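Asks: Each chain is listed here by its residues.
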Amino acid sequence: MQNSPALVPLLLLAAAISIPVLAIKKTGVAYLAALAASLGSVVISAYNALRVWESGPLTYHFGGWNPPIGIEYVLDPLSVFVALVVNVVAFIVLCHAGGLKEREIPGKSVPYYALVLLLLCGANGMILTGDLFNLYVFLEIFSLACYGLIGIGEKQAPIASFRYLIMGTVGASFYLLGLGFIYIVTGSLNMADVRNILPHVYGNPAVTTGLALIVIGMGIKMAIFPLHGWLPDAYTYAPSTSSALIAPIGTKVAAYVILRVLFFVFDVKFVSQTLPVTDLIGWLAAIGILFGSVMAMAQNEMKRMLAYSSIAQIGYIGLGIGLANPLGFIGAVLHILNHAFMKGALFLVAANLRKNAGHSDISKLDASYRKKLPWSMAAFTLAALSMIGLPPTAGFFSKWYLALGAIDKGNWVFLGVILLSSLLNAVYFFRILEKVYLGTPSAQGAEGAPSPKSNRGEGFVAGEEEYALMIPAVVLSFSLLLLGLLNANIVKGVIQRIIPLGM
Amino acid sequence: MTDFILGHYAYWAIIFLLVLGLYGMVFKKNLAKKLIGMTIFQVAIIMFYVASAVKWAATVPVLDPAIGAVDAAKYISPLQHCLMLTAIVVGVATSGVAFSLVISIYRRYKTLDESILLERMKSS
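Going line by line, the protein sequences match chains G and E. Each residue of the first sequence is one higher than the last, beginning at 1 in the working numbering. Each residue of the second sequence is one higher than the last, beginning at 1001 in the working numbering.
If you are wondering where the hints come from, they were derived from the structure by calculation, not from laboratory data. Predicted model only: the values in this text are computed from it and were never measured. Where a beta carbon is used, it is the ideal one built from N, C-alpha and C, also for glycine. Incorrect hints may have been included.
To be verified - According to the in silico footprint, chain E covers these stretches of chain G (three or more CB under 8 Å from chain E):
id, region
1, 150 to 157
2, 391 to 398
As the list claims (entries may be wrong) - Straight-line distance between alpha carbons at most 35 Å, and here's what the computed DSBU-like set of lysine-lysine pairs gives:
id, chain 1, residue 1, chain 2, residue 2
3, G, K101, G, K492
4, E, K1122, G, K155
5, E, K1028, G, K155
Assemble the whole structure, with the sequences as input and the hints as a guide.
Replies: Rendered as structure tokens:
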């Protein structure tokens, strides 16, 4: 099992390539194969996490070439943690995809699931690799799969996907250009090696330029304000499964790369004091939080609202990076985890609405939905409360650490932004909750006007809400309670071990 | 100063190509022209890497018995070229995906003009 670090991306890549062959006769095989490969990646990354937990960071040298010459995979607590989060959320979303039964991708399920696995392969590779150029290659695998998964959607989807492609390619190219500057100065591509060489060349303007280009490039992928232009359309017009996959995973992986490059390749002191990179990210993130929240209030379509709320939530991660202190770092990493679960759950509920009610238009929601989709709506409520940040749910704790970090740094504006945006979140989520839970059931929804309580059990019959659609959403959102209750363990056991040196 | 300008002539050309590519992507309304801009942008970065590998009075990185393997300064660095082979492949794949999206857009909307597309996108 000494090869287990490399196994996840390779397994997903092999499965992605073999799916079109396996599914030649029966297209149903594609979904099962994707599900199996995804389950395999969850198991292997959990196994890797256990190994790292017990015996410290692992490295894997591809082809037996030692770094800095060869490509190295680095499994430290941060990378296995993020990889595990990504794989678990992706597996739950894939379970949900089975219930949709190709409704939004008629006849295209074989290439679709192959692309899903390519997306996961790229995400895992980006997270686990210890080589900066290898990261670029996986970034492009990830992005190309993304473009395909978005473009397969509604009528407007190819346009949204094309705009994402142009912006995403510019982002990846900026990353490559910045990497070129770093490489010219340091002569190495291995992250650990670059970290050792960089202190000797910090005065060189090429390093500054390279860092700026990398941050801008990844900022586009992460959709940090004002580089978020591609995101709302892409999330809105993509098929439900694609948005539920890309929203929790896509921007988080880019945020992880920024964390990794700023704090683990470059030096905390260099990026926060010599150059105000983290300050810049923090302020842009703060504007993005307010912008995203205000725009989310103005939306009538649920998926578009969730997309704008994603811009705001990515801002929290940016804010944590911007604080560049241990509490901010804990908040950012915890929010990567929490937001992956919250957004996954919310997009799955939006998918259930589209499947059962045929739309996800907020203005058309009314009290009948609490009977038609009681469990989905419960999942939505829980995830929404977590987004707002009510205490027992997970969302509260990442905001709590971010707020503590802002106080620790004495940055009262950031603290104000966190508090204000919680209120704004409350406004745009309570708007939906009010329609669903506080209105009196209208004639169309009431079957003999039973009380909502007795209907909780009856609403849960076949045809009204399918298990395959309901369970993944409920699992994701109830795990928010679990994550919230266990947050002390997560922070103490995992995140405090990965706070970068010199923070 | 003159030396600085003349000595870096390859980089000036690359900067020109980068700006040209960005201009194409931002200001051209036709999606195919945007793609041309994107390709120019990518090619400029490839040339940037290749230009950074240049060494005067050095030869291709294949062992030549007449030169020997002692003096690395007599061979150019092969790594940038290898990296760019990968980047070229990535660029081709990106163009492929982009053109398939353009075809799909044209089939659905019968135009590639961005301003018309945005109007039709809202109305539908």
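Asks: For each hint, tell me whether it holds in the structure or not.
Replies: Status of the hints after comparison with the structure:
no., hint, in the structure
1, 150 to 157, "holds (count 3)"
2, 391 to 398, "violated (count 0)"
3, G:K101 - G:K492, "41 Å, violated"
4, E:K1122 - G:K155, "11 Å, holds"
5, E:K1028 - G:K155, "23 Å, holds"
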